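A.B. asks: Residue strings, one per chain:
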Amino acid sequence: MIDFEARASVGEFRLDVSFHAPETGTTVLFGPSGAGKSTVLALLAGALRPESGRIVVGNEVFLDTKSGTSVALEDRHLGWVFQDGRLFPHLTVAQNLDYGLRRRARPGPARIERQRVLDVLGIGALLERWPRDLSGGERQRVAIGRALLAQPRLLLMDEPLASLDLARKREILELLASVGAGFATPTVYVTHSVAELLRLADHVVLLDRGRVLAEGPAREVIGRGDTPLLATRSDAGALVEAPIVAQRPERGATLLRLGSDEIQIPHVAGEIGRLVRLHVIANDVILATERPRAISVRNVLAASVHRLAPRADGAVNVELTLAGGPRLLATVTQEAVRDLALTPGLAVFALLKSVAIDAPAGMRLLEES
Amino acid sequence: MLTSGEWQAVGVSLVVATRAVAVGLPLALVIAWFLARRRFPGRTLLDALVHAPLVLPPVVVGYALLLLFGVRGPIGHWLDATFGARLVFTSAGASLAAGVIAFPMMVRAIRIALEGIDPGIELAARSLGARTVDRFLSITLPLALPGIVAAAIVGFAVCLGEFGAVITFAASIPGETQTLPLAIYAALQTPGGEDTALKLALVSLAVAVVALIAAEALGRWARRWAARSP
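Quick mapping for you: the protein sequence lines, in order, are chains X and W.
Mapping the first sequence onto this note's numbering, position 241 (from 1) lands on 241, and the numbers just tick up by one.
Mapping the second sequence onto this note's numbering, position 167 (from 1) lands on 167, and the numbers just tick up by one.
The hints are simulated quantities; they were obtained by calculation from the structure and are not laboratory data.
Model, not experiment: these values are computed from the prediction.
You may find that some hints are simply not true.
What follows is a set of in silico ranges between Cβ atoms, one per label pair, in the way DEER data are often shown [claimed, not checked]:
hint : chain 1 : residue 1 : chain 2 : residue 2 : range
1    : X       : D226      : W       : R131      : 29 to 35 Å
2    : W       : P41       : X       : A47       : 52 to 58 Å
3    : X       : R114      : W       : V133      : 25 to 31 Å
Examples of chain W residues toward chain X, derived with CB under 7 Å [said to hold, decoys possible]:
hint : residue
4    : A36
5    : L128
6    : L143
Just so you know, even glycine gets a beta-carbon here, dropped at the ideal spot from N, CA and C.
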């Protein structure tokens with residue numbers, strides 16, 4: 001577990017944050033700018049000292065102001081990836097990569113091998129180059145590699161895509177989705193981008209003005225109808241994972257199993273059985289109380305109303321449970337709630353246009369942002 | 001060409017300036033690092049003290065050195081009693097006087113270079129396990145190298161030209177403390193010494209030009225080294 005609890009002030013800004021994230025997968029700290037995300041990361045890293053607090057990662061107490069324990073930044077064994085890369089300009093790519101490796105190497109084979117990092121990140125050909133001759137995307141790849149090679153127990157990422165153009169964002173985001181799991185290193189990822197949240201998060205901590213608004217497993221937090229920051233956005237929706245059951249490349253489609261139903265989405269690469277992470281935007285979900293016939297919508301899913309969450313803007317977020325368990329979110333008007341007599345427990349049909357489904361989750365929002 | 005006495009003045013100048021820079025530069029690096037990177041009580045006082053020679057008349061600086069490092073001064077007395085070393089009227093004393101005048105310029109050049117280094121780069125090094133000394137040697141020093149080289153060049157040039165502080169503290173002893181400007185002044189004070197003064201002035205010019213060319217080459221090398229392009 002990552003147990004974090006800290007109170008700190010930076011100038012006028014007051015921060016009082018506490019969360020408990022699993023020590024596996026990616027924990028995303030999400031919130032608008034000024035929420036205190038980077039401050040939390042700096043506290044976690046040990047670059048800032050809180051007035052009071054306790055920070056524990058696994059079995060190691062990084063900080064406990066009560067007992068006076070404080071492990072120095074150098075000794076926390078973290079890999080920190082910054083928004084601007086921060087490669088050492090006077091060292092080659094190879095020297096940059098080896099900087100942490102040399103200082104952190106223990107006898108015996110490294111847990112994270114150099115060659116594998118080079119392969120996964122695709123930076124083997126850059127070793128002799130200088131940082132200033134790299135593109136933004138290449139620089140960020142090297143920065144990620146440098147952090148990984150320091151054999152970190154925890155990887156910290158502070159908006160690593162923020163300074164990249166769209167094409168590079170796509171590329172690095174896909175890479176990051178495979179890196180965390182690939183190197184079995186838990187990651188704490190800071191972002192204000194919903195796309196990155198949807199693509200990467202296993203666990204979510206929502207922050208605003210120095211406070212935690214919500215926290216929990218990504219699918220629960222994101223799919224709820226009343227989650228602060230997220231539920232009233234026009235791109236609010238549910239996050240689901242569904243295995244591929246068939247590929248239909250000739251019609252540009254992929255079939256997935258969602259609960260006990262099958263759904264069709266625009267083609268995504270992958271072999272049968274692979275899990276695809278989907279983001280189903282609540283505004284794109286249509287509800288019906290009878291199964292419609294003769295309709296262009298490909299995906300008609302049996303569901304039951306779980307909960308209604310009225311929104312401040314007058315619309316209503318309807319949480320749905322699909323046959324077989326997965327949750328969806330649909331945004332409807334109050335008139336629709338009345339006309340269809342939507343109440344918890346009511347059996348309904350959820351209609352999803354296959355082209356409206358965002359898969360892999362977040363990639364469409366990335367393009368729009 | 002030059003008489004042996006005139007060559008001596010050239011030699012004294014180079015020795016005095018080289019020694020002043022050799023001793024002063026590392027000290028300037030330490031002070032500049034503290035001023036650029038640390039907040040501590042007395043920081044403003046240290047800053048003012050370091051910069052004082054820049055605004056004081058050099059003669060006053062030389063006089064202050066006499067008071068401190070003279071045989072009866074607190075530091076001078078201690079040096080004499082402990083090591084039997086005297087600075088007043090010696091070549092080392094000339095270096096001290098010239099070095100004190102050059103010191104603020106050297107600190108300034110290095111400090112600007114240090115402040116130009118993104119603290120984020122050093123933070124990144126820290127997160128990769130580099131401790132203070134390691135980080136200073138592997139990151140800060142190489143990145144500040146162009147500024148350090150510039151400081152050495154400026155310091156050397158100032159030392160070559162320093163007059164007031166040197167003559168006040170170390171006097172004008174041929175072969176020992178009489179640098180080129182002091183020798184020129186001495187020649188002008190001597191009836192019929194105008195030819196010598198002119199010759200020495202031309203030599204000063206030549207030394208300055210050679211030093212500047214060497215400095216330019218060194219500076220270019222340092223900048224290239226710091227930015228290391230393929």
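A.B. asks: Next, verify each hint and record whether it holds.
C.D. replies: Against the structure, the hints:
1. D226(X) <-> R131(W): 29 to 35 Å: This hint is violated: roughly 48 Å between Cβ atoms.
2. P41(W) <-> A47(X): 52 to 58 Å: Roughly 24 Å apart at Cβ, these two residues miss the hinted range, so it is violated.
3. R114(X) <-> V133(W): 25 to 31 Å: Given a distance of about 26 Å, which is inside 25 to 31 Å, the answer is holds.
4. A36: Violated - the Cβ of A36(W) stays beyond 7 Å from chain X, reaching only about 18 Å at its closest.
5. L128: Where the cut-off is 7 Å and the nearest Cβ of chain X is about 3 Å from L128(W), the hint holds.
6. L143: Hint holds; L143(W) Cβ to chain X Cβ min 6 Å, cut 7 Å.
The structure is inconsistent with the numbered hints 1, 2, 4, although it conforms to all the rest.
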